[in-house]
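Participant: Take 1 as the starting number for the sequence shown in full-length UniProt numbering and just add one per residue.
Please keep in mind that the hints were generated in silico from the structure rather than gathered at the bench.
In this text the structure is predicted, and so the values were computed from the model without any measurement.
The C-beta atom is built at its ideal place from N, Cα and C for all residues, glycine as well.
It cannot be assumed that every hint is accurate.
Stated by the list, open to error - Quick list of in silico lysine-lysine cross-link-like pairs, PhoX-like style, CA-CA up to 20 Å: (1) Lys-132 <-> Lys-151; (2) Lys-266 <-> Lys-214; (3) Lys-127 <-> Lys-151; (4) Lys-151 <-> Lys-79; (5) Lys-37 <-> Lys-4; (6) Lys-57 <-> Lys-91; (7) Lys-151 <-> Lys-4.
What the hints assert, rightly or not - Each pair of labels, with its calculated beta carbon distance range: (8) Ala-90 <-> Ala-268: 28 to 36 Å; (9) Gly-243 <-> His-95: 54 to 62 Å; (10) His-204 <-> Lys-37: 52 to 60 Å; (11) Ser-241 <-> Asp-3: 58 to 66 Å.
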Amino acid sequence: MDDKYAVTLYVAAPGTPLLDGGTSAAGHMYYTVTHGKEQTSFGFAPIEHGVMSGPGKVYNDDADQYQKPFYQRTMEISKDQYEKLMEFGAKPGEHGFNTQYHGAMNSCIDYTWGAVNYAGLHRTDLKFIQDKDFEGGLKPLSNVEYIRSIKAPVPDSELNTEQYNPMPERTLLQRVISDAQLPNKDREMLNTIREQVAGIDQQHGRAYDATSEKISVGLLATAKESGLSRVDHVVLGNTPSDGAGQRLFVVQGELDNPAHLRASIKAAEAARTPVEQSFAKVEQISNTQQERALAAQQEPALEQSRAPMQMG
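Using the sequences and the accompanying hints, generate a full structural model.
Facilitator: In structure tokens:
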């Protein structure tokens with residue numbers, strides 16, 4: 001074990017407690033590399049904390065600072081990969097990374113993916129092709145599934161592990177950050193769902209609360225995953241006789257129209273799923289849909305390019 005090398009990729013959610021006090025405003029993505037018992041941490045952030053853009057620097061204490069990050073994945077790697085992660089981490093500017101921080105375009109996410117790409121660890125896309133230039137999702141939590149898609153260099157290693165921690169408590173601002181970054185169409189769908197869920201709450205003598213918000217964002221993810229383009233109704237199903245638990249349905253179209261589209265989720269599951277986790281799922285679904293649309297557009301051109309070679 002002492003002669004083995006490993007990398008751990010971390011995703012911290014907004015609200016993650018910090019060792020020095022306070023919480024992370026927008027979340028964070030960083031990594032550590034280990035050789036035996038030696039560990040080095042690498043993360044990228046602005047020199048002046050809290051700014052959206054400005055000079056950035058590499059921090060080597062993120063593994064200590066971020067308490068119980070939401071997700072982490074450890075993989076055994078080769079000595080060469082270890083050395084490349086160390087090289088990029090310490091001097092990213094020498095490997096083409098812009099050390100001028102920008103929250104939306106050049107952040108901790110770009111830095112971490114830059115490092116793992118340099119080391120030959122790549123996100124796998126829908127066609128099972130490794131994306132060697134992948135720069136990550138916009139928000140830290142958006143990157144969990146992308147990290148999970150990386151092919152382990154040593155598939156059967158006992159060092160290969162995944163760990164999830166509970167989502168931290170978040171301030172109202174930290175929750176609003178996720179909502180504000182939704183595309184307009186998704187935000188409109190979410191607001192419709194909120195109105196419908198509030199109506200169900202009212203029917204049962206309850207006020208719309210934090211649990212209602214979890215349910216609403218969870219239903220948005222369910223609707224998008226099922227291909228709904230809008231939500232006209234939210235319906236609470238009857239309690240099953242087998243004790244399986246009630247389900248909530250999102251419906252596109254009129255309820256009495258046999259051609260309506262619908263999708264469902266267990267009410268209890270929706271009520272306990274953190275909103276940040278559902279928002280991250282919404283973004284991943286949107287990215288996947290965009291990739292499929294792009295692939296569909298490219299397919300006719302590929303067929304045309306193949307046609308001459310198939311003649312004769």
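Participant: Determine which of the earlier numbered hints do not hold for this structure and return their numbers in increasing order.
Facilitator: 8
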